[in-house]
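Colleague: Chain by chain, the residues:
2 protein chains.
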Amino acid sequence: MRVLIVGGSDAGVSAALRVREVAPDTEVTMLVADVYPNFSICGIPYHLSGEVPAWQDLAHRTIAEIEATGIALRTNHLATAIDTDAKVVTATTDGGQVELGYDRLVIGTGAEPLRPPIAGLDTLGPDDGVHLLHTIDDARRLDSGLVRRGARQVIIIGAGYIGIEMAEALTNRGLEVTVLERLETVLPRTLDRELAEDISAELVKHGVEVSCGTTVAEIHRDGDQLVVTADDGTRRGDAVLVVSGVTPDSELAASAGVKVDRRGTIIVDRRMRTNVPDLWAAGDCVHTHHVLLSEPSYVPLGTTAHKQGRVAGENAAGGDREFAGIVGTQVVRVFDRVVAATGLRDAEASAAGYEPRTVQTTVDDHKRYYPGATPIDIRITGDRSTGRLLGAQLVGTHGAEIAKRVDTYAVALHKGLTVDQLLDLDLSYTPPLGSPWDAVQLAAQAWLAAH
Amino acid sequence: MRVLIVGGSDAGVSAALRVREVAPDTEVTMLVADVYPNFSICGIPYHLSGEVPAWQDLAHRTIAEIEATGIALRTNHLATAIDTDAKVVTATTDGGQVELGYDRLVIGTGAEPLRPPIAGLDTLGPDDGVHLLHTIDDARRLDSGLVRRGARQVIIIGAGYIGIEMAEALTNRGLEVTVLERLETVLPRTLDRELAEDISAELVKHGVEVSCGTTVAEIHRDGDQLVVTADDGTRRGDAVLVVSGVTPDSELAASAGVKVDRRGTIIVDRRMRTNVPDLWAAGDCVHTHHVLLSEPSYVPLGTTAHKQGRVAGENAAGGDREFAGIVGTQVVRVFDRVVAATGLRDAEASAAGYEPRTVQTTVDDHKRYYPGATPIDIRITGDRSTGRLLGAQLVGTHGAEIAKRVDTYAVALHKGLTVDQLLDLDLSYTPPLGSPWDAVQLAAQAWLAAH
Chain W
1 MRVLIVGGSD
11 AGVSAALRVR
21 EVAPDTEVTM
31 LVADVYPNFS
41 ICGIPYHLSG
51 EVPAWQDLAH
61 RTIAEIEATG
71 IALRTNHLAT
81 AIDTDAKVVT
91 ATTDGGQVEL
101 GYDRLVIGTG
111 AEPLRPPIAG
121 LDTLGPDDGV
131 HLLHTIDDAR
141 RLDSGLVRRG
151 ARQVIIIGAG
161 YIGIEMAEAL
171 TNRGLEVTVL
181 ERLETVLPRT
191 LDRELAEDIS
201 AELVKHGVEV
211 SCGTTVAEIH
221 RDGDQLVVTA
231 DDGTRRGDAV
241 LVVSGVTPDS
251 ELAASAGVKV
261 DRRGTIIVDR
271 RMRTNVPDLW
281 AAGDCVHTHH
291 VLLSEPSYVP
301 LGTTAHKQGR
311 VAGENAAGGD
321 REFAGIVGTQ
331 VVRVFDRVVA
341 ATGLRDAEAS
351 AAGYEPRTVQ
361 TTVDDHKRYY
371 PGATPIDIRI
381 TGDRSTGRLL
391 GAQLVGTHGA
401 EIAKRVDTYA
411 VALHKGLTVD
421 QLLDLDLSYT
431 PPLGSPWDAV
441 QLAAQAWLAA
451 H
Chain Y
1 MRVLIVGGSD
11 AGVSAALRVR
21 EVAPDTEVTM
31 LVADVYPNFS
41 ICGIPYHLSG
51 EVPAWQDLAH
61 RTIAEIEATG
71 IALRTNHLAT
81 AIDTDAKVVT
91 ATTDGGQVEL
101 GYDRLVIGTG
111 AEPLRPPIAG
121 LDTLGPDDGV
131 HLLHTIDDAR
141 RLDSGLVRRG
151 ARQVIIIGAG
161 YIGIEMAEAL
171 TNRGLEVTVL
181 ERLETVLPRT
191 LDRELAEDIS
201 AELVKHGVEV
211 SCGTTVAEIH
221 RDGDQLVVTA
231 DDGTRRGDAV
241 LVVSGVTPDS
251 ELAASAGVKV
261 DRRGTIIVDR
271 RMRTNVPDLW
281 AAGDCVHTHH
291 VLLSEPSYVP
301 LGTTAHKQGR
311 VAGENAAGGD
321 REFAGIVGTQ
331 VVRVFDRVVA
341 ATGLRDAEAS
351 AAGYEPRTVQ
361 TTVDDHKRYY
371 PGATPIDIRI
381 TGDRSTGRLL
391 GAQLVGTHGA
401 EIAKRVDTYA
411 VALHKGLTVD
421 QLLDLDLSYT
431 PPLGSPWDAV
441 QLAAQAWLAA
451 H
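Sequence order for the protein chains is W and Y.
If you're matching positions, the first sequence starts at 1 in our numbering and goes up one per residue.
If you're matching positions, the second sequence starts at 1 in our numbering and goes up one per residue.
Note that these hints are calculated values from the structure, not bench results.
A couple of the hints might just be wrong.
As the list claims (entries may be wrong) - If you want a taste of the chain Y side facing chain W, the calculated C-beta under 8 angstroms gives, among others:
1) D10
2) V35
3) S40
4) R61
5) D278
6) L425
7) P432
8) G434
Stated by the list, open to error - As a list, the in silico EDC-like pairs of lysine to aspartate or glutamate whose alpha-carbon atoms are at most 20 angstroms apart:
9) W/K415 to Y/D424
10) Y/K259 to Y/D420
11) W/K415 to Y/D420
12) Y/K415 to W/D424
13) Y/K415 to W/D128
Note that the Cβ used here is the ideal one computed from N, Cα and C, for glycine as well.
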């Protein structure tokens, strides 16, 4: 059997590896549009900060390691058409075009950066100092562009987690950074305002200028500089980074008759099957089953792409596995702070028909008598009528095990626990690292007390 | 209604607080044998190390804070008899005896340290430099004894978690420490040999002499020194610390007709009720429902005492709550290492009728390309026939979120997940703090691959 994979990032590679694991006799070919298969896109900010000096180190696996698993890798192969009747994919490569037949096909074409409606943006590019940031090539262009232009001031448009990570990265690189966010707070899709302000303050403390509720209208060049005009005034910078989210890259699939939804995300079932026979899709190009929602959502993250890719690969190899769904778990480190969230926030929960109540409390990461205890701000969202846990947001100090504390809530959400049932959990405790009731349980007690 | 609580440690205080929460009109009286209600016994090593200079800081709550909740606190009241028909508890106090009537009674008398069969141990005490360690008084006596004797060398008998924590504490205090353990490894009730050796090495690296498989036969005084004779030879020290586990303190309850098992633990149902009407018990004096075992077990820990006490208090106040049970979660920091475990190990699982297989793997705490990644050794125990997760042991570097990573396994055990279902969990990821498949999932993949 021949399985063809279109896309060499998290979803594609996970699918390809899984096919080889469960059906070692299968011929697996992977088409990669560029020459960077299996790179950790999430690591780009840490390369640009200088913490990971060689971009090559961002590879989850080297080409040799991928090929050693028996996957036939075709880099520089951009898939341009799928004939789902003849089961042939057409790809362009250096100066030519190839056709590859398949028995089963997995699409993992990912996403592409959104271009917000800013006048001038369409005509400006990396040569002008205006960058999008999604691929390793984008990262390399930004890196060399900053060096070549001797950049000192950078304006970042968008304060989602990539914008924030880049603000930290470029600050650590010695640049002056301004972040402009159209919505009212930083990390607007992750945190409620009460906690987002902590992160704004952390950015400001490290010299970042943060301006929220600020809509950028226009960008233009003025000599070597860029002029960014927003509703609160005009700023000048040596480079502009536009990181305003992503949109699914589903054109190839759609043009082959694969159904997409109104957002352009490929429609798949829980087995990652599309409407076209023998055609699966996974990762940032598909919509996602969310454990707490009846409607699919779009939360493009590497963790999800890995899991979906693995399911798609297993099923393409003849298996029958369902994707269990996400609960929306995220974590981001911002200088010395860590932000983590999972589940739904109040407005999302209300929209989905829940009756949410959110209660915020501040608890110590470990027993206060032991040196080094730090406060964690935790917001718990639960359903007022059923008591079901709906979500949690945590902000605390780097080193306070925030990232893995959110995982306790994530597992609880997966299994449909009530806030009250969090108190039943046998969580670890030693005075330097916790409390007899862990911080995650103390926050649950605060929710219950306010209920 | 009058609720009487015997015992002022974790279980007793949790019960008393819960009664006041759910039934604020209830008269709650708490008898405390000493003058240290609601102290963090788990914090004693960190006081003796010097990290928490004032022992008073080990109080979870001050006496004023407890009394502010409306609990009538009677310190220095040692309960000596219960008349379950007349519903009266007799207690001795300074030079006298008092009788206290109750409608409902909660017993939280805790545990007392085991005295291993060592010749001479019965005749030696703190004045000789031989110490047990269970109460705040014990801690103060050890502290002052070490100072008074100008101790330089201390021999610790027992390498359970308290023995190990004290080895670190006394080393940090500048003493030379030897640890003798009768069983074959350190932390023998927590870790398999493969991981325990890492912790022995960590102790040795910090100057602790560790001798396992060593049975102590005799202790005697020689002038100001103590001579400890074991099967591998004789050692001299200025003080000896015997920390060989605990046994339930159930004499008061048993003499009042409360049923205890062959180990002396008070028998309770899932509502923490004893066989005697209107009499509940909780904490280190009772046996414990274990989610993975059909027979009750005895795992005296503060986390469990808090949860059981809360259930007992809620039910004594007229509620109807079940204790959900433990899964045996523990964590201990040993110098720069952290050990965490939950669930069953191979032998325990076999004895309980499971078909366990344990697979060990080494995974990074976060993406290796980001500076500071450290390896975590994880052993996963799962059932070969059902695939059910049975337990996990982790050893890694302090700072690698080991304590809260074990909690993911703990929640999974609570909910009966298979090892395979760990891969479905939506756990948090950012390169400085994790991987797209978290370390806990990579270990599950290793178990599945070996299966």
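Colleague: Indicate, hint by hint, whether the structure satisfies it.
Modeller: Hint check results:
Among the interface hints, the one on Y/D10 holds; its C-beta lies about 6 angstroms from the nearest C-beta in chain W, closer than the 8 angstroms criterion. Against a cut-off of 8 angstroms between C-beta atoms, the interface hint on Y/V35 is violated, since the closest Cβ of chain W lies about 18 angstroms away. Of the supplied interface hints, the one on Y/S40 holds, with its beta-carbon coming within about 6 angstroms of a beta-carbon of chain W, less than 8 angstroms. Contact between Y/R61 and chain W, as hinted, is not supported at the beta carbon level, the nearest pair being about 12 angstroms apart and thus beyond 8 angstroms.
Hint status for Y/D278: violated, given a least beta-carbon distance of 25 angstroms to chain W, over 8 angstroms. Taking 8 angstroms as the C-beta cut-off, the interface hint given for Y/L425 holds, the closest approach to chain W being about 6 angstroms. Among the interface hints, the one on Y/P432 holds; its C-beta lies about 5 angstroms from the nearest C-beta in chain W, closer than the 8 angstroms criterion. A hinted interface residue such as Y/G434 counts as satisfied when its beta carbon comes closer than 8 angstroms to some beta carbon of chain W; here the least separation is about 6 angstroms, so the hint holds.
For the hint pairing W/K415 with Y/D424, the CA-to-CA distance comes to about 11 angstroms; that is within 20 angstroms, so the pair holds. Between Y/K259 and Y/D420, the direct Cα distance comes to roughly 42 angstroms. Violation of the 20 angstroms bound is thereby established for this hinted pair. Between W/K415 and Y/D420 the alpha-carbon distance is near 15 angstroms, which keeps this suggested pair within the 20 angstroms criterion. With a CA separation close to 11 angstroms, the supplied pair Y/K415 and W/D424 stays within the 20 angstroms bound.
Only pairs whose Cα atoms come within 20 angstroms are accepted, and Y/K415 paired with W/D128 is rejected, the gap being roughly 55 angstroms.
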